[in-house]
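There are 2 protein chains.
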Amino acid sequence: MKISVVKNIMEANQRIADENRQRFSRNRLLVINLMSSPGAGKTSLLEKTILSLKDELRVGVVEGDIQSTYDAERIGRTGAPVVQINTGGACHLDSNMIQEALKDFDIAPLNLLFIENVGNLVCPAEFNLGEDFKAMILSVAEGDDKPLKYPLMFHESRVLLINKIDLLPFCECNPDLIEERARNINPDLTIFRLSCRTGEGLDRWTGWLKEQIKQ
Amino acid sequence: MKISVVKNIMEANQRIADENRQRFSRNRLLVINLMSSPGAGKTSLLEKTILSLKDELRVGVVEGDIQSTYDAERIGRTGAPVVQINTGGACHLDSNMIQEALKDFDIAPLNLLFIENVGNLVCPAEFNLGEDFKAMILSVAEGDDKPLKYPLMFHESRVLLINKIDLLPFCECNPDLIEERARNINPDLTIFRLSCRTGEGLDRWTGWLKEQIKQ
Numbered sequence: 004m005k006i007s008v009v010k011n012i013m014e015a016n017q018r019i020a021d022e023n024r025q026r027f028s029r030n031r032l033l034v035i036n037l038m039s040s041p042g043a044g045k046t047s048l049l050e051k052t053i054l055s056l057k058d059e060l061r062v063g064v065v066e067g068d069i070q071s072t073y074d075a076e077r078i079g080r081t082g083a084p085v086v087q088i089n090t091g092g093a094c095h096l097d098s099n100m101i102q103e104a105l106k107d108f109d110i111a112p113l114n115l116l117f118i119e120n121v122g123n124l125v126c127p128a129e130f131n132l133g134e135d136f137k138a139m140i141l142s143v144a145e146g147d148d149k150p151l152k153y154p155l156m157f158h159e160s161r162v163l164l165i166n167k168i169d170l171l172p173f174c175e176c177n178p179d180l181i182e183e184r185a186r187n188i189n190p191d192l193t194i195f196r197l198s199c200r201t202g203e204g205l206d207r208w209t210g211w212l213k214e215q216i217k218q
Numbered sequence: 004m005k006i007s008v009v010k011n012i013m014e015a016n017q018r019i020a021d022e023n024r025q026r027f028s029r030n031r032l033l034v035i036n037l038m039s040s041p042g043a044g045k046t047s048l049l050e051k052t053i054l055s056l057k058d059e060l061r062v063g064v065v066e067g068d069i070q071s072t073y074d075a076e077r078i079g080r081t082g083a084p085v086v087q088i089n090t091g092g093a094c095h096l097d098s099n100m101i102q103e104a105l106k107d108f109d110i111a112p113l114n115l116l117f118i119e120n121v122g123n124l125v126c127p128a129e130f131n132l133g134e135d136f137k138a139m140i141l142s143v144a145e146g147d148d149k150p151l152k153y154p155l156m157f158h159e160s161r162v163l164l165i166n167k168i169d170l171l172p173f174c175e176c177n178p179d180l181i182e183e184r185a186r187n188i189n190p191d192l193t194i195f196r197l198s199c200r201t202g203e204g205l206d207r208w209t210g211w212l213k214e215q216i217k218q
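One line per chain: the protein sequences are A and B, in this order. According to the numbering used here, the first sequence is numbered sequentially starting from 4. According to the numbering used here, the second sequence is numbered sequentially starting from 4.
Keep in mind the hints are simulated off the structure, nothing from the lab. Among these hints, one or two may not hold up.
[What the hints assert, rightly or not] Which residues of chain B face chain A? A partial, calculated answer using Cβ under 10 Å: (1) 44; (2) 129; (3) 167.
Where is the CB? At the ideal position from N, CA and C, for every residue including glycine.
Take these sequences, add in the hints, and give me the full structure.
Written out as structure tokens, the structure is:
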């Protein structure tokens, strides 16, 4: 009984995710579902990425938070179009929230849409939103054991961004070990090391991102 | 329909939490449900706290993780009795998991039991386990906006430990702002600032903890 309820939720989510994906595809829009723990640097990465690419790409953002419009205001200051979802308690975004949020959001002029998920290294990994791929951020301040303990997130992501590398001298964290453990779970991961604070490594990420844009 | 399912889950959780609480109370055992984002320092805090109090208190630990026994092994090396729960995907502990885990775990000799929850700043706050109180850790590397975005965790906790203060010179984080925003949500919070890495501030926390032990 309990299992069939969960299955129905997941089936309904997948059906709407497929509808979202078709809409994105018709618009030749690259959509990235960005996930991480709270405070790993999702919004900072988006700010830096948008400002770096603003002359080349048209980027939009869907912001997911339990409450507040704090992150949407940060993104808004970059000049990018943004819509905020408040989940009102829910610990992840689902495909229906995305469909609702995009009803009055004009995706036609965009090349790239980021969906910033709720800060949570667990639940968001289970829900497809219709994205082209999932990307995750891990801050080195979180330690190098996270792939062992939160494997689904690493398994579902196509990209791993190891952020805050400027803090490496002050943290007990070996980024080689993060990469090794992450690749044991998902050998196909594309991995970037960067610091949104200092800007180190951002150009490799934005360069790679431009190659993914749909023509 | 959906709401009634959630209500039944929460009622069942509360009933078993009450049973756990009665068992803890009969044993004059102080039980703390420790919550945070992944990598904020829960296990490090427990290691330091156990080692600091080992001559005065008998401390046990229930470790909650989605998978792996990595944290339980770390705790085991301190000499404290420990039991590991693997949730197998679930993003929080519930009271039934605690009841099962403690069936063959001798709590009689203990003064203090820590339950280390799954690393998640959202879902664990919703589930009572039978603890005396909830304590949460926030790492300064996560930023000072977290009370705005994850208010339930701050609302439900009696203690806030602001960890990794040795990283403050390298992070854009104002700990006064964390305290102000957290107290706006929960004026009764007891707050400690500390660094598990350098040991700064740990003595205030362990001193306070000793005063909470049941006689």
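Each hint tested on the structure:
1. 44: Where the cut-off is 10 Å and the nearest Cβ of chain A is about 9 Å from residue 44 of chain B, the hint holds.
2. 129: Because about 8 Å separates residue 129 of chain B from the closest Cβ in chain A, which is inside the 10 Å limit, the hint holds.
3. 167: holds (7 Å)
In the structure shown, no violation is registered for any of the earlier numbered hints.
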